[in-house]
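Peer 1: With chain Y fixed as given, assemble chain B onto it according to the hints.
Number of protein chains: 2
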Amino acid sequence: MARKTIVIALGGNAIKQANEQGTYEEQMRNVLITSKEIVKLLKAGYRLVITHGNGPQAGSLLIQQEAGNKEVPAQPLDAVGGMTQGQIGYMMQQCLTNLIGDERLQIPVVSIVNQVRVSADDPDFNNPSKPVGPFYSKDEAEQLKVIKPDWIMKEVKPQTVEKRFRRVVASPDPIQNMEAIAIRRMLDSGLLVIASGGGGIPVVYDENRHLKGIAAVIDKDLAGAKLAEVVGADIFLILTDVSNACIQYGKPDEKKLGVLSYDEMKKYSQEGHFGSGSMGPKVNAALRFVEYGGERAIITSLDQAFEAITKSAGTQILK
Amino acid sequence: MARKTIVIALGGNAIKQANEQGTYEEQMRNVLITSKEIVKLLKAGYRLVITHGNGPQAGSLLIQQEAGNKEVPAQPLDAVGGMTQGQIGYMMQQCLTNLIGDERLQIPVVSIVNQVRVSADDPDFNNPSKPVGPFYSKDEAEQLKVIKPDWIMKEVKPQTVEKRFRRVVASPDPIQNMEAIAIRRMLDSGLLVIASGGGGIPVVYDENRHLKGIAAVIDKDLAGAKLAEVVGADIFLILTDVSNACIQYGKPDEKKLGVLSYDEMKKYSQEGHFGSGSMGPKVNAALRFVEYGGERAIITSLDQAFEAITKSAGTQILK
Chain Y
5 MARKTIVIAL GGNAIKQANE QGTYEEQMRN VLITSKEIVK LLKAGYRLVI
55 THGNGPQAGS LLIQQEAGNK EVPAQPLDAV GGMTQGQIGY MMQQCLTNLI
105 GDERLQIPVV SIVNQVRVSA DDPDFNNPSK PVGPFYSKDE AEQLKVIKPD
155 WIMKEVKPQT VEKRFRRVVA SPDPIQNMEA IAIRRMLDSG LLVIASGGGG
205 IPVVYDENRH LKGIAAVIDK DLAGAKLAEV VGADIFLILT DVSNACIQYG
255 KPDEKKLGVL SYDEMKKYSQ EGHFGSGSMG PKVNAALRFV EYGGERAIIT
305 SLDQAFEAIT KSAGTQILK
Chain B
5 MARKTIVIAL GGNAIKQANE QGTYEEQMRN VLITSKEIVK LLKAGYRLVI
55 THGNGPQAGS LLIQQEAGNK EVPAQPLDAV GGMTQGQIGY MMQQCLTNLI
105 GDERLQIPVV SIVNQVRVSA DDPDFNNPSK PVGPFYSKDE AEQLKVIKPD
155 WIMKEVKPQT VEKRFRRVVA SPDPIQNMEA IAIRRMLDSG LLVIASGGGG
205 IPVVYDENRH LKGIAAVIDK DLAGAKLAEV VGADIFLILT DVSNACIQYG
255 KPDEKKLGVL SYDEMKKYSQ EGHFGSGSMG PKVNAALRFV EYGGERAIIT
305 SLDQAFEAIT KSAGTQILK
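Taken in sequence, the protein lines are chains Y and B. Using our numbering, read the first sequence as starting at 5 and increasing by one per residue. Using our numbering, read the second sequence as starting at 5 and increasing by one per residue.
The set of hints was computed from the structure by calculation and includes no laboratory data. Please note: incorrect hints may appear among the correct ones.
No more than 27 Å apart at the CA atoms, straight line, and that leaves these computed lysine-lysine pairs for DSS-like [unchecked claim]:
#1 Y:K152 to Y:K134
#2 Y:K47 to B:K216
#3 B:K216 to Y:K74
#4 Y:K40 to B:K216
Calculated Cβ distances over 10 Å to all of chain Y for the following chain B residues [unchecked claim]:
#5 P135
#6 S141
#7 K142
#8 P153
#9 E233
#10 G236
#11 E275
#12 V294
#13 D307
A virtual CB, placed ideally from N, CA and C, is assigned to each residue, including glycine.
This is chain Y alone, in the form it adopts within the complex (with noise of 0.2 Å):
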């Protein structure tokens, strides 16, 4: 029997827990608690393909490079992508080639700077809710906007009472991972590959059918779909904080999803059981990497990830 390939999205907590600062050191120790659950799969023979998000990287950058702004030029959203691929590529890469080689196996790993292309007529450009980078007053977002006047504020949950306004940007849908033939044949090669960081760094075609960056965010696991469509994953893994997805959450009939069919899981997500912000891009996510041919969508947790995928734990939506 061939040897099934997984691609697995880690979730934040995966890389940085949401009471951390995020010091080297704190996020190291996370990413090690993450390599020796994917290390698991590896030793049980599958092949694998790892994509993360960087939304706690690509903040402190930009918080940075406001605070450093009258010294160097701050670069734009699509440029700091690729620094948090780098950076988060390092630590993952660094942590697993240690791990894999305690345990005598031979796969090189390696992460890859990835772009993925949108469409610059994505409704979601007209309008933008993602927040990116740091918190502003009233007269700080008003001055903004005559500096920087692609820039979108907007008021947005009040981190303190002056400082409520923030940068927003699109969250276009993934349309082309654009190194999926690099990605396939380093796969090919046995190579452990970390690609689609963060979501991908976001590029469109210009006039001329040139990549060019543009200053949006794609969700990590909507880009993950592509990624394990297009070098044929046969099981799509979503790890998160929770161990399952579940319906009529938060209410005292809230019930785990375990195993289901695609129709079932479709059914639900249409009656609006998952949340816009949290569970909700995941289970479509989920249910595009079945639609595309995929055999398994699993949502669960990073502790549960070898369970779920050796004994159906978690969240299991089949084709």
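Peer 2: Same frame as chain Y, but now just chain B:
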């Protein structure tokens, strides 16, 4: 005849000119000029691996980290190295992908995170002299010695009268490119790989033979020679801001070096013709590559790169 493989080490001006601030637009303009020269070599049928420096980009990130350190934790120098590999890799990957597409060539471009191992016992760790990050006043430097006991501060060529202290780190010799196997497989599968950026992320083995980052900066040309060795390159092309290495540099009898033998170049090097901070490391890297078994090493400027490969322009060191 088998296609020749060239490792190209791009000088700093390939991405940021000395007189520029380093905005994204400026950097992309330089990367475009550089990429056009690279594509000429691809069209001529050569297999390429690209490496590049990261000095200005790492410097900017360190200044930004310092400016934002009240809000978010600064990351160590090795993680900053990963960030610059992602940032510069992104710009080059995008630009090269566009130009390669224009030529209807089928060569996927991928930038990778790349660690380079050094020895924790490298003598340079005893007397570090490579300045990194912001300039500080004497008072600030004294305070930093307390807050960051592992930092070494040195008085350097003053930027201003007040701010004339900088952190210095070692520049150890590269021992091993940790992603060598992956890079070879990628090259063999027809990919154009961008690797060893900024001289690679410096790592050492700890007591468990696990890799861990270390505060250091590896010379990008010496790391490039190591990269050229591991991919079995035929030619190592070091691009800088002058067309040739010179003997008697800056003197009335200054003479540009053209094609010469390893032994001749070794003799000139031993006679001290090449500055330790400028041409010296490039000549050393070129000599090492020929020692490793390379066919020829070339030192020249970007605009002479194609002529150097096809018509022996620049300084050429033969086996």
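Peer 1: Confirm or reject each hint.
Peer 2: So, going through the hints one by one against the coordinates:
A hinted pair counts as satisfied when its Cα atoms are at most 27 Å apart, and Y:K152 with Y:K134 qualifies at roughly 17 Å. Distance check on the hinted pair: Y:K47 and B:K216 sit about 23 Å apart at the alpha-carbon level, within 27 Å; holds. Distance hint between B:K216 and Y:K74 is unfulfilled; the C-alpha atoms sit about 34 Å from each other, more than 27 Å. As the CA atoms of Y:K40 and B:K216 are separated by approximately 17 Å, the hinted pair is consistent with the 27 Å bound.
At roughly 16 Å from the closest C-beta of chain Y, the C-beta of B:P135 stays outside 10 Å, upholding its exclusion from the interface. Chain Y leaves B:S141 outside its interface by the beta-carbon criterion, the shortest separation being 15 Å against a cut-off of 10 Å. Every beta carbon of chain Y lies more than 10 Å from that of B:K142, the smallest distance being close to 20 Å; the non-interface claim holds. No Cβ of chain Y comes within 10 Å of the Cβ of B:P153; the nearest lies about 16 Å off, and the non-interface call holds.
Every CB of chain Y is more than 10 Å from the CB of B:E233 (nearest about 17 Å), matching its label as outside the interface. Residue-level check passed: B:G236 sits 16 Å from the nearest beta carbon of chain Y, beyond 10 Å. Consistency note on B:E275: stated as away from chain Y, and its beta-carbon is indeed over 10 Å from all of that chain's, at 40 Å minimum. Every Cβ of chain Y is farther than 10 Å from the Cβ of B:V294; the closest lies at roughly 28 Å, confirming the non-interface assignment.
For B:D307, the requirement that its beta carbon stay farther than 10 Å from each beta carbon of chain Y is met, with the minimum near 23 Å.
Hint violations for this structure: number 3 only, all remaining hints satisfied.
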